[in-house]
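There are 2 protein chains.
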Amino acid sequence: MSIAKQNQDTDMMASAQESDRLDPLKDYRPRFTLPEGVIYLDGNSLGVLPAGLSDRMSDVIERQWGERLVRGWNDAGWIDLPSQVAGKIAALVGAGANCVTVGDSTSINVFKVLSAALSLRPDRRVILSDRNNFPTDLYVADGLTRLLGQGYELKLATADTMEEAVDETVVAVLLTEVDYRTGERYDMEAMTRHIHGRGALAIWDLCHSAGAFPVHLDAAGADFAIGCGYKYLNGGPGAPAFLYVAERHLNDVAPALSGWMGHDAPFAFTTDYRPADGIGRMKVGTPPILSLSALNIALDAFEGVDMALVRQKSQELCDRFIAEVEHRCPELELVTPRVREQRGSQVSFRHPEGYAIMQALIANGVIGDFRAPDILRFGMTPLYLRHTDIVAAAEILERVLRQKLWDREEYRTRAKVT
Amino acid sequence: MSIAKQNQDTDMMASAQESDRLDPLKDYRPRFTLPEGVIYLDGNSLGVLPAGLSDRMSDVIERQWGERLVRGWNDAGWIDLPSQVAGKIAALVGAGANCVTVGDSTSINVFKVLSAALSLRPDRRVILSDRNNFPTDLYVADGLTRLLGQGYELKLATADTMEEAVDETVVAVLLTEVDYRTGERYDMEAMTRHIHGRGALAIWDLCHSAGAFPVHLDAAGADFAIGCGYKYLNGGPGAPAFLYVAERHLNDVAPALSGWMGHDAPFAFTTDYRPADGIGRMKVGTPPILSLSALNIALDAFEGVDMALVRQKSQELCDRFIAEVEHRCPELELVTPRVREQRGSQVSFRHPEGYAIMQALIANGVIGDFRAPDILRFGMTPLYLRHTDIVAAAEILERVLRQKLWDREEYRTRAKVT
Chain Y
1 MSIAKQNQDT DMMASAQESD RLDPLKDYRP RFTLPEGVIY LDGNSLGVLP
51 AGLSDRMSDV IERQWGERLV RGWNDAGWID LPSQVAGKIA ALVGAGANCV
101 TVGDSTSINV FKVLSAALSL RPDRRVILSD RNNFPTDLYV ADGLTRLLGQ
151 GYELKLATAD TMEEAVDETV VAVLLTEVDY RTGERYDMEA MTRHIHGRGA
201 LAIWDLCHSA GAFPVHLDAA GADFAIGCGY KYLNGGPGAP AFLYVAERHL
251 NDVAPALSGW MGHDAPFAFT TDYRPADGIG RMKVGTPPIL SLSALNIALD
301 AFEGVDMALV RQKSQELCDR FIAEVEHRCP ELELVTPRVR EQRGSQVSFR
351 HPEGYAIMQA LIANGVIGDF RAPDILRFGM TPLYLRHTDI VAAAEILERV
401 LRQKLWDREE YRTRAKVT
Chain U
1 MSIAKQNQDT DMMASAQESD RLDPLKDYRP RFTLPEGVIY LDGNSLGVLP
51 AGLSDRMSDV IERQWGERLV RGWNDAGWID LPSQVAGKIA ALVGAGANCV
101 TVGDSTSINV FKVLSAALSL RPDRRVILSD RNNFPTDLYV ADGLTRLLGQ
151 GYELKLATAD TMEEAVDETV VAVLLTEVDY RTGERYDMEA MTRHIHGRGA
201 LAIWDLCHSA GAFPVHLDAA GADFAIGCGY KYLNGGPGAP AFLYVAERHL
251 NDVAPALSGW MGHDAPFAFT TDYRPADGIG RMKVGTPPIL SLSALNIALD
301 AFEGVDMALV RQKSQELCDR FIAEVEHRCP ELELVTPRVR EQRGSQVSFR
351 HPEGYAIMQA LIANGVIGDF RAPDILRFGM TPLYLRHTDI VAAAEILERV
401 LRQKLWDREE YRTRAKVT
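Line by line, the protein sequences are chains Y and U.
Residue 192 in my numbering is what sits at position 192 of the first sequence, and the numbering runs on without skipping anything.
Residue 316 in my numbering is what sits at position 316 of the second sequence, and the numbering runs on without skipping anything.
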């Protein structure tokens, strides 16, 4: 290594140390359990374990379930747990607490909001989405149109062509605010306004937004939203998802998945379905208390957190990572927008050997992930990442590339889950 | 108390003690955690906590999630957890392991199998069910028909009129094998044969069957089934549900809820949906690892258990409870069939003050539950209940009635969950 480069590297680390010292969020890091020897840049795929969650879950299991047994539904407040969790999430996504509910997977919730949207505009038949949307959104939309037949169809555009694709046939536009591969971000407010101008409904997937930066669903005029509990919200693998319905639609939507928990009086056990008032009608089956409890506990890590500071630090971490990687690894091509407003809380690079590089990087203590066909993806989670982690991660990435540590057969063998 | 009655009571307890001594299932009781001072006759609503589950869940949370983080999907086998759990349940319900999958709530699974059934018989439009079926089955079926329109409808019959109601318009008959209120049981094999004879499909809800007695889905020729993880399977409050598709239909059904986990290659992230081969296509979203892990651990309590012995003891417990209660509490009206083959694993009585009586009973250490309008329900779970528990429970019920312990305002106030 040249002396000039060595000096530059030293400067970069010194700058990161200074940023950590001044970091207004640094006191939140102990709210999370971080394994030794790992720099975790994959909180956008699975959030880390919040500190104390395991003990609190033991209490849920041993005391609430084990001792109270079926009485837990009343005693331990299980029946109100979906509302309790919803309230915490609502605060993070700029929604009235009465507009959010929690339960089921993101995919199921996509189905719920799409079918609810269709029930509001029976005269239109096209669901519009982004070709680069996360596949499950497209698959679920496609499945719904196939189920309905009668001219319903899913049409796809790209970010560039989206605005003009919203025509008078479109009932709802289903967009993920932040692209899961590139990190590119839609302007939710402007796009919602445009969609409304064409007489359609705006459905926002917040999987890569909720907990990552401030979201303002009510203010943006969104009609529906869904999002994931296990990424930036740290609810644990496969945590329950959430769903938002704008207040103006609450009592007009007809739930297609009409289960007993969405009934106006579930314990009357009547034969006829009568939807609950408001957001309650979007609930379906018995709430999954163990996983909901974990999400409920995890969300306490956001207590007192100023999401504007999270956004500020996220952008600094992204900028720093881009600068570090471009300086050290010019063979990686940045695919995330450089302009702060145009991206979420991740940085992605492209490389033809992306899969093997990511496996080698993980083996060397930096966990990001790979998205087909060639994307190395790094998520920034300001509550538990330090500026110095970013520099250290870039150093290791540089070493993986310089020393060709990725060039091994074992790193080319695709795992079941990538 | 008369000396004659006292002697009779002593005899009944002595007989129960002798049955416990000879009980071939007595060694399974330590597989469960039972709170002190409680006789739990509500395992048909929420199963008890299996011993060791809490520690094993701590390992899932701390080691699999906390330390392995996103690597747990491969390392800890999370991605295969639905299949693993499905294999254990398949063995309990007489199904090929490749015909069962696990995930989502029972209500969501009702929607999945109903829509799958409709996809097999596009020429018929009527879903038939039992007016006394558990309401969520009816609500979900109704919601699906409203979503589809085009003449689809839900028709209801009763056990008495069910056979003749299966006419040439019926695409699928959705029945819960055991009535949640009365405990009355359909003859699955005979009814399935009859349904097939009329060209319709048979969907069985096993919420009150799986884990309660031997079920033979394949042998009975069932087309589809669903069931609950949190009752007799002891998977914890709101545990994931399961779903069965007969092998002959596996590759013909079109999933209406077509999420990424049901895709043939979920990690190829392609735009187009292509259903997985076989039962995999019935999966939808990201599997709920924490609650699936709890269910997985809970199912180990069935390892080595002979379900025929479970059925035998269940019937003995039911008979004993009926005899005890009828002897002690003649004002309670039995609503469960006396004939063993015609009932599941519960005993229900009717009383106009049923709600208050059940609250008083619970306050006195016997947990059963109440079902509107007037049913006192008692579930029999042979792996952890003793014959002497049944006698003791009946004694306490007698005391509640004789001393009118139920006649208090607090016991009449309905809780949110009954």
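Treat the hints with caution; some may be incorrect.
A pair counts as met if it fits within one copy or between any two copies, since identical chains are not told apart.
[What the hints assert, rightly or not] Derived DMTMM-like pairs: lysine to aspartate or glutamate, alpha-carbon spacing no greater than 25 Å straight-line:
| no. | residue 1 | residue 2 |
| --- | --- | --- |
| 1 | K155 | E168 |
| 2 | K404 | E326 |
| 3 | K416 | E353 |
| 4 | K416 | D59 |
| 5 | K5 | D142 |
| 6 | K5 | E409 |
| 7 | K404 | D27 |
| 8 | K155 | D187 |
| 9 | K88 | D300 |
If you are wondering where the hints come from, they were derived from the structure by calculation, not from laboratory data.
Going through the hints against the structure:
no., hint, verdict
1, K155 x E168, "within (13 Å within a copy, 38 Å between copies)"
2, K404 x E326, "within (17 Å within a copy, 80 Å between copies)"
3, K416 x E353, "within (18 Å within a copy, 57 Å between copies)"
4, K416 x D59, "between (34 Å within a copy, 23 Å between copies)"
5, K5 x D142, "neither (52 Å within a copy, 69 Å between copies)"
6, K5 x E409, "neither (32 Å within a copy, 81 Å between copies)"
7, K404 x D27, "neither (37 Å within a copy, 59 Å between copies)"
8, K155 x D187, "within (20 Å within a copy, 47 Å between copies)"
9, K88 x D300, "within (8 Å within a copy, 35 Å between copies)"
Hint compliance for this structure: hints 5, 6, 7 are broken, all remaining hints hold.
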